[in-house]
Amino acid sequence: MKRPIIAVLTIAFALAAIVAAQTRRGSRTNKPATQTRLARGAPAKYSAFLHSSDKHKSLACNDCHKIPTVWNAKRDFPDVADFPGHDACVRCHRPQFFSRQAMSGTGPVVCTVCHLRAAPREAARFAFGKPNAGDQSAKPKDERQFTIEFPHDKHQNVIAILQSLRLNPRLLRVSFVPDEKKGDYNNCTVCHRRNDELLSAQPLPAPDSEDQFRKFFKTAPRSHDACFACHWKNQKPVNNDCGGCHKTATTFVPVLMPKRISAKFSHEGGKGEHVMECTTCHINITRAASVRGLTPDVPIAACTTCHKDNKKTTYPKVVTIEEEFAQYKTSNACVYCHAPDVGSKKPPASHDAAAQ
Amino acid sequence: MGSRPPLNMKVNSSPFRGGLPPANRCMSVNSTRTAFLSAILIGGLLTLSFAGHTQTPQTTRGVIRLKVRYKSADATKELPRKRFFLIKGSLDENKSLADAIKQTTLGSRACYYRSKGASQRLIKWLEDGDCESVYCRAIEERDVTGADAVPEFKNAYDSALQELKTPEIARRWLPNYLPADLRDGYYNLKQRTVEALLKQAEALSGKPSMSIMTDRKGTAYLTDIEPGTYTISNLVPIETGKTNILWLCEREVKAGDLSIAMRRPFILSNEKDPKVKCEVIERPLPVCN
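Protein chains in written order, with this note's numbering: chain A, 1 to 356; chain B, 1 to 289.
By construction, these hints were calculated from the structure, which means they are not laboratory data. Glycine included, C-beta positions come from ideal geometry on N, C-alpha and C. A portion of the hints provided could be inaccurate.
Unchecked claim - Ranges between beta-carbon positions, derived for each pair:
#1 Lys254/B / Ala60/A: 49 to 57 Å
#2 Pro274/B / Pro151/A: 37 to 45 Å
#3 Ala180/B / Glu122/A: 21 to 29 Å
#4 Ala180/B / Glu323/A: 52 to 60 Å
#5 Gln120/B / Pro151/A: 32 to 40 Å
#6 Glu282/B / Lys329/A: 48 to 56 Å
Please work from the sequences and hints to get the whole structure.
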């Protein structure tokens with residue numbers, strides 16, 4: 001009698017384990033990173049500044065930061081570009097600066113939030129916006145204390161139109177060289193510019209002459225310049241309403257280099273042929289309400305609107321998906337769009353469907 | 001006659017010689033069978049669980065490829081850069097919403113900005129780019145200085161230069177120094193109308209609506225849609241030269257992938273098409289008071 005019970009218990013246990021595994025898998029990704037809390041009053045606690053602490057959260061940004069920082073001191077446009085003055089810290093943290101305990105040892109650790117060393121004559125500071133903690137320069141990830149909220153859909157509504165492209169046909173090319181002087185009609189390229197730097201960070205095939213033209217993907221805005229053109233004043237959120245775009249987070253690592261599936265794709269096109277509008281291929285962008293979780297995916301069907309055998313009459317020189325399939329059969333690699341990490345895998349069902 | 005064991009019980013004839021008593025043979029067969037079935041069941045469950053994480057799920061969602069065009073004078077044009085909304089439910093189910101959409105009156109862009117005291121040059125600058133606000137095009141040097149300058153831009157530029165000091169930044173950041181009504185008043189008015197209608201739509205259908213913007217060829221893709229019947233509309237009339245057009249259409253979405261949608265676009269037009277269930281309302285642009 002006992003054995004069937006054991007068997008039933010085994011099944012129940014297996015089911016519970018599966019359910020638990022599934023649940024844990026889901027929650028693991030959502031669990032926010034936590035920061036080790038240091039003991040109250042411990043000097044080391046004050047070596048790391050947290051915007052998200054209860055006290056700091058209760059303050060307005062311009063209670064501490066001067067907006068803008070001294071005119072043109074650090075940027076070529078008005079911005080919050082430097083740490084707050086001493087007064088902003090001392091008015092609450094006097095004991096951490098001047099008590100006997102603070103002065104013992106290597107000096108008040110609170111100084112190292114901004115300064116390289118805690119010394120009376122130490123004027124050198126960390127780069128603003130980067131460290132905010134004495135040990136952060138050694139961190140491998142670009143961790144920040146704020147997330148970024150950016151509603152793509154609203155900005156698309158406002159800025160992007162066709163007629164401007166027609167007036168300035170050069171912008172029909174998806175990519176453009178940032179230092180070229182020309183009229184900036186507003187479309188995606190107002191904020192997203194060509195990013196050749198990614199070339200060195202991607203798993204690439206051996207360079208060949210054709211790759212010279214394969215200028216890769218896009219940058220995302222990295223400074224307030226692009227935002228303040230409209231949001232400096234009057235148009236909310238304005239310059240001193242940091243919370244309009246940024247939410248405090250203990251650790252936020254922006255994705256500056258999304259995973260590339262078609263690493264050999266070039267916006268410039270082999271011969272400058274990719275002249276479509278951005279959203280023609282990036283079909284989900286105009287419905288994305290936030291940059292969080294935004295996937296600028298391009299479905300293979302977008303590629304096969306041109307890269308298909310039956311389009312050869314219109315685009316005689318185009319490399320087609322059928323040709324790539326034929327090549328895959330002989331070499332087990334798709335090389336026209338993909339680097340070996342992806343190209344050596346079996347083509348997915350979506351590619352078969354697109355080829356039909 | 002001694003007592004006989006029950007018929008369904010097999011008697012072990014060999015004597016017990018210590019150690020664990022031998023298992024009852026009948027019980028042993030049952031247990032083996034149960035254990036075997038359990039192993040198959042667990043194996044199956046684990047395989048399913050693993051497969052669920054590694055395989056691409058079957059397509060159970062739908063895609064609509066929207067293609068919007070309109071006939072104006074003799075030419076048919078594609079409608080670029082306009083937002084369309086996908087609302088759960090048929091036109092009949094959304095009748096009260098459709099009535100509200102039809103009753104909504106929104107003046108023309110030119111009338112709005114004229115009523116706010118905009119100069120003719122500013123109105124033309126907006127119309128040239130089909131802009132609802134000044135944000136939709138970069139303001140160029142010639143818009144600020146010279147014979148064709150827009151007076152509002154020139155005034156704003158002067159204020160910006162005084163504060164920002166650098167001519168290049170003053171020009172680029174110029175919209176910050178324009179009065180709100182002239183900057184994006186019409187766009188905001190339109191957005192408020194759209195938001196009110198969307199609220200009504202979502203209250204009616206109980207589902208969030210989805211929206212997408214057409215590209216320069218008037219194409220847009222609505223992806224990852226739950227199969228069912230939907231209303232597709234631009235909610236507020238779109239200006240197309242001398243008229244404005246409002247679409248109220250119905251579309252049944254079936255599960256399918258993008259390649260199917262590419263072959264069969266859903267065409268919205270201001271021309272009669274018996275294959276498409278659409279109410280198209282085209283009116284001449286209102287005359288400004």
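Q. Could one say that the CB atoms of Ala180/B and Glu323/A fall in the range 52 to 60 Å?
A. Check passed, 56 Å falls within 52 to 60 Å.
Q. If you check the beta carbons of Pro274/B and Pro151/A, does the distance land in 37 to 45 Å?
A. holds (39 Å)
Q: Check the following: the C-beta atoms of Ala180/B and Glu122/A are separated by a distance inside 21 to 29 Å.
A: violated (47 Å)
**Q.** Whether the CB-CB distance between Lys254/B and Ala60/A falls inside 49 to 57 Å
**A.** Given a distance of about 53 Å, which is inside 49 to 57 Å, the answer is holds.
Q) Is 32 to 40 Å right for how far apart the beta carbons of Gln120/B and Pro151/A are? A) With a Cβ separation near 33 Å, Gln120/B and Pro151/A satisfy 32 to 40 Å, so the hint holds.
Q. Does the Cβ-Cβ separation between Glu282/B and Lys329/A fall within 48 to 56 Å?
A. The hinted range 48 to 56 Å holds for Glu282/B and Lys329/A, with Cβ atoms some 53 Å apart.
When held up to the earlier numbered hints, the structure conflicts with hint 3 and nothing else.
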